[in-house]
Amino acid sequence: MELLLAILLSALTVFVAIAFYYEHSKAEIPHEFSERRKLYVLHYLLNLSFGLAKFFDKLGIVSEVHFLRVTMDNIPPLKDKHLLIKDLRFERVKVRIYQSKTSNTSQRRGVLYFHGGVGWLGSIRAYERTCRYLARKSNSVVVSVGYRLAPKHPFPAQFEDCVTATIHFLRTARDHGVDPSRVVICGDSSGGTLTAAVAQALVNRRDVPKLRAQILIYPFLQSVDFNLPSYQQNGKVPILLKERTVVLGLKYMNKDASLVPELFKGRHVPEHLRLKYQKWVSPDCIPQEFKTRGYKPSPTYPPSEELYARTKAVFDPVFSPLLAEDSVVAQVPETFLVTCEFDVLRDDGLLYKKRLEDHGIKVTWCHLQEGFHGTVFLATFGRAVAFKSGIKGLEKIVNFLRLM
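Residues 141 to 544 in the numbering used here are what the sequence shown lists, from first letter to last.
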């Protein structure tokens, strides 16, 4: 018994060390954040998961990606006897459909949900709670899209599956009790990236109904400048640290993580692209009130043609929708946009908001003053895990959907 206890304590010590060592730096949570202790705990648990995934991968027990996927897929779903849930395929793409069991003679709105996870994590199962909540509270038919994941299915397979599922649903909406003129696409984090990219891809399609709206929840939208005010201010704020953001993005694109320092310097952007994108991606386009927490302009470094050649895929609008041409952006549907004050991706959202509004696109903006990356995902997890900002954000999304 004593030996077993010693082994367990030793294992626990190792796990604690892994969690704190993994990020190589302590998280920095601003003092004005009212739920600091809870966020520290979340940060620790996330680091523990990433640390254990690497640990078991190195031992040859299980791959890092499989460990993380299993961890996410074991999140218990909300029980709801009032929903009808069924698994289907929209052509090759797995989907799960949630709708109320209550009979309704009128056709409902439809919501396609693209989950987050940087293209290689996340799943229908992991997002059960979010999709069930949206279906129940907004009285919508919600379609959770199980797109293929990297590295087995490299970029842009994820985008291709989301486009395929969206077109299929628009064409068959009535079969699912949905008005095809009331279809909304929605996603969080990289799912928000996919949402923006799908909306752009469909603007010139004449063979399917137009999307009613898009909902972008703290999306990643550009890979030009990783020194915008939000990256500087929130680089060490959990859960999406600055370095983690770029490392996970490179993993998604099957690129070498050793490129991170040069990407931080912006050396992957050649001069001709720097000149083209500066009107869309620049601190000058960020409102002044978002620069008050210690923002300092970054020095400019000479571009590297070699680095550009190795990373130029990140400028594809499918990966960086903020970089789409004006002729495309001007045609996207009405938009609901969630940004979080303590999120490195905050300014991606602010920049896209400006571009959309400059082109006359109606934008409903929900800025969560105490929000952080991932807060909406956690909103359905109960009082011990959910944060006030995420609950507020999810309520605002539901209210927007009810108007569609």
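By construction, these hints were calculated from the structure, which means they are not laboratory data.
Here the structure is a predicted model, which means the values were calculated and not measured.
Possibly wrong hints are sitting among the right ones.
Unchecked claim - Restricting the straight-line Cα-Cα distance to at most 20 Å, the calculated cross-link-like pairs of lysine-lysine (PhoX-like) are:
#1 K416 with K494
#2 K416 with K391
#3 K350 with K395
#4 K221 with K241
#5 K431 with K494
#6 K405 with K391
#7 K405 with K436
#8 K536 with K493
#9 K277 with K221
#10 K452 with K502
#11 K292 with K376
#12 K391 with K292
#13 K194 with K277
#14 K416 with K528
#15 K431 with K493
#16 K502 with K277
#17 K416 with K382
#18 K241 with K198
#19 K350 with K178
Legend entry - Violating hint indices (sorted, rising): 2, 3, 10, 11, 13, 14, 16, 17, 18, 19
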